[in-house]
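Required output: the full structure, derived from the provided sequences and hints.
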Amino acid sequence: IWVHKQPLPLWTMSASMWLFGVNEIALRLPSIILTTIGIWLSFFIGSYFFNKKIGYLTAFFFSINGLIIELTAGRVATDHIDTFFLFFIELAVVFSILFAQRKKFVFNLLAGVSIGATILSKWLPALIVVPIWLLIVLDTEKFKPKEIIFNFIILLTTCCLIFLPWQLHIFSAFPLEANWEASFNFKHITEVLEERTGPIYYFIDKIRINYGELIYLPLIWFLWKYKKNIKDKKRLAIIVWVLVPLMFFSIAKTKMQAYILFISPAL
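Heads up: the sequence shown runs through residues 18 to 284, numbered per the working numbering.
Hints may be right or wrong, so weigh each one.
Cβ pair distances, simulated, as ranges [unchecked claim]:
| id | residue 1 | residue 2 | range |
| --- | --- | --- | --- |
| 1 | Leu234 | Glu194 | 44 to 54 Å |
| 2 | Phe265 | Ser80 | 23 to 33 Å |
| 3 | Ile49 | Lys204 | 46 to 56 Å |
| 4 | Ile49 | Gln118 | 52 to 62 Å |
No lab work stands behind these hints, which were simulated from the structure alone. Where is the CB? At the ideal position from N, CA and C, for every residue including glycine.
In C-alpha cells, the structure reads:
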C-alpha cells in the first residue's frame, strides 16, 4: 500500500537500514535528520514572511512541538510519511522564496523537484505549494506576466517529471494493486476508513491540542489584519497554507490528526 503514494519515505528508511543495520536508530534516523533541518527551514520561512524575530519564534515552536516530536520518534501513526511530507513542503516553500528573491532559474527547478518529492512522500495535497509559489512571486513585483507564466510551467513540468515515472511504473508493473490502492484516494474523502473519523470541527479542535489553546486568538487576529489590507500577498499565502488544507480535510470523512501537520510552520 505504501509503495503507491508514499515510496520516498520507504526508500529512505530502507537505505538507512542498509547503511546502518536493521535497528530502531537506523529506522528513525531519516525523520530525525529531516525534522532537525526543518527547524532551520522554519526560521527561514518566518524571517521571510515577517522578520528574524518571528523566524526565531517559528523555529522555536517547531522544535518543541509535541506532535512533530512524537511523529519523529514513531510514537503515533503515519510517522515517517508525515515528517517527510512536512519537510518537503517547507523545502519547496524555501526554494520558492529564493527563486522570487534572486530570480535564479535553478531555484525554480529545485522548487519543482521538492513538490515532486512531496507528492512521492504522501500525495496531491503537496500542490498547496503551487498557489503559495504564485503569491510569493507576485509579491516581489520583479516578474513580468510572461516570466511568471513561463516559470510556472517549468515548475509544474519539473514536478511531473519527478513523480510521474513512479506512477507509470506501478500502474504498468502492478495494475491490479495500483488501481486498488488508487481507489482509496477518493474513498478517504467520501468514506470513513479504518474507523478514523470525527466531526466536521475535528481539525479545528485538534489544533488547540497540538499548538496550544490560545491558537484561535492569533488566527482570528491574523485574518482581521489581512482584511484591513487585502493586497498583502504574504499574509494571503499564509492564509492559503493554513485554511485550504484545514477546510479540505475537515470535509473529508476519514480524519487523522497528522493529516494537517504540514500547516504547522504557518500556524
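Taking the numbered hints from earlier one at a time, note which ones the structure violates and give those numbers from smallest to largest.
Structure breaks hints 3 and 4.
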